[in-house]
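2 protein chains.
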Amino acid sequence: MSASPQFQQVGEAFVAHYYQNFDANRAGLAPLYRDNSMLTFEGEPFMGAINVINKLTSLGFQKVAHQIITCDCQPILASQPNGIVVFVSGNLMVDDSPNPMKFSQTFVLMPDPSNPASYYVHNDLFRLNYG
Amino acid sequence: MSASPQFQQVGEAFVAHYYQNFDANRAGLAPLYRDNSMLTFEGEPFMGAINVINKLTSLGFQKVAHQIITCDCQPILASQPNGIVVFVSGNLMVDDSPNPMKFSQTFVLMPDPSNPASYYVHNDLFRLNYG
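Respectively, the protein sequence lines represent chains A and B. Sequential numbering from 7 applies to the first sequence in my numbering. Sequential numbering from 7 applies to the second sequence in my numbering.
Read the hints as simulated data drawn from the structure, not as lab findings. Be careful, since some hints might not be right.
Pairs count within a copy or across copies, as identical chains cannot be separated in the list.
[Claimed, not checked] In the SDA-like style, the derived pairs of lysine to any residue whose C-alpha atoms are separated by at most 20 Å in a straight line are: (1) K108 - N97; (2) K61 - M99; (3) K108 - S120; (4) K69 - P106; (5) K108 - S95; (6) K61 - F47; (7) K69 - S85; (8) K61 - S120; (9) K69 - N121; (10) K108 - Y136; (11) K61 - P104; (12) K108 - L98; (13) K69 - Y25; (14) K108 - S124; (15) K108 - C77; (16) K108 - E48.
With the hints as extra help, turn the sequences into a complete structure.
See the structure below:
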């Protein structure tokens with residue numbers, strides 16, 4: 007796993023890009039999802055970029071900021087094409103609440119069929135971790 | 007996603023089996039891993055069933071119990087063979103500590119090439135969620 011850590015670089019670059027856009031302009035995340043993308047948000051399932059973005063943009067807060075604490079990545083070598091698992095934990099600050107919430111989120115990134123050097127979100131699973 | 011929820015059943019059955027065995031006899035988890043299996047445990051990477059099981063059996067507690075709070079599953083449809091993402095959150099009770107720790111864990115299950123009706127753990131990522 008250590009000889010070719012490109013999956014870690016891809017995952018970390020994705021995470022930086024994803025949460026920066028989430029916090030600044032959620033609708034701008036649309037290009038990261040496709041028709042076969044899935045989101046499970048607090049147990050509620052959505053499929054397809056339109057439904058995913060509708061959910062993300064309908065979340066009832068005005069201001070949001072993610073602080074990433076951990077970002078673990080692994081390649082999925084046993085299937086073709088090879089995806090990348092990205093497993094994130096962090097703090098979520100919403101509106102003017104002084105108390106961050108803990109969250110965990112898992113993504114599976116897949117190479118874009120039209121541009122295998124870039125990746126899209128095939129799977130997205132989000133949970134708050136209540137204390 | 008709702009028409010064929012077999013992935014959810016597979017994921018939930020796996021989770022019940024996995025943590026029951028983890029808590030009773032960690033060495034007994036070995037058949038769930040293969041040579042290409044990966045574990046990232048609190049950020050530390052391991053590859054191959056032997057290294058994974060060595061890590062799990064060397065964890066420094068005598069008694070452990072997992073309480074599962076959430077188990078979200080999604081199929082990975084964009085690669086062949088189709089894996090299943092299993093995203094778990096719960097409480098971890100270690101030895102005689104009265105205070106459970108929060109944890110999150112992500113698995114990617116892959117069909118066993120020699121028996122596609124059964125699955126093994128291709129990816130395993132574990133994190134404690136400090137409060």
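How would you label the pair K108, L98 (within, between, both, or neither) given a Cα cut-off of 20 Å?
For K108 and L98, both the intra-copy (6 Å) and inter-copy (16 Å) Cα distances are at most 20 Å.
Up to 20 Å CA-CA - M99 versus K61, copy category
within (19 Å within a copy, 35 Å between copies)
Within, between, both or neither: K61, S120 at alpha-carbon 20 Å
neither (26 Å within a copy, 40 Å between copies)
Intra- versus inter-subunit Cα pairing at 20 Å for K108 with N97
both (5 Å within a copy, 14 Å between copies)
Using 20 Å as the alpha-carbon threshold, which applies to K61 and P104: within, between, both, or neither?
neither (25 Å within a copy, 38 Å between copies)
What label fits K69 with S85 when the C-alpha limit is 20 Å: within, between, both, or neither?
Close neither inside one copy (39 Å) nor across copies (36 Å); limit 20 Å.
Within, between, both or neither: how does the pair K108, S95 come out at a Cα-Cα threshold of 20 Å?
Result: close both inside a copy and across copies, 7 Å intra and 12 Å inter.
Pop the pair K69 and N121 into one bin, within, between, both or neither, using alpha-carbon distances up to 20 Å.
neither (33 Å within a copy, 49 Å between copies)
Measure nothing new, just compare the shortest in-copy and cross-copy C-alpha distances for K69 and Y25 to 20 Å and report within, between, both or neither.
Within one copy only: 13 Å inside a chain, 38 Å across chains, cut-off 20 Å.
Please work out whether the CA atoms of K108 and S120 approach to 20 Å or closer within one copy, between two copies, in both situations, or in neither?
neither (36 Å within a copy, 40 Å between copies)
When Cα atoms must be at most 20 Å apart, do K108 and S124 count as within-copy, between-copy, both, or neither?
neither (29 Å within a copy, 34 Å between copies)
From the Cα coordinates, with 20 Å as the cut-off, is the pair K108 and E48 best called within, between, both, or neither?
Close inside one copy (13 Å) and across copies (16 Å); limit 20 Å.
Against the hints set out earlier in the document, violations occur for numbers 3, 7, 8, 9, 11, 14.
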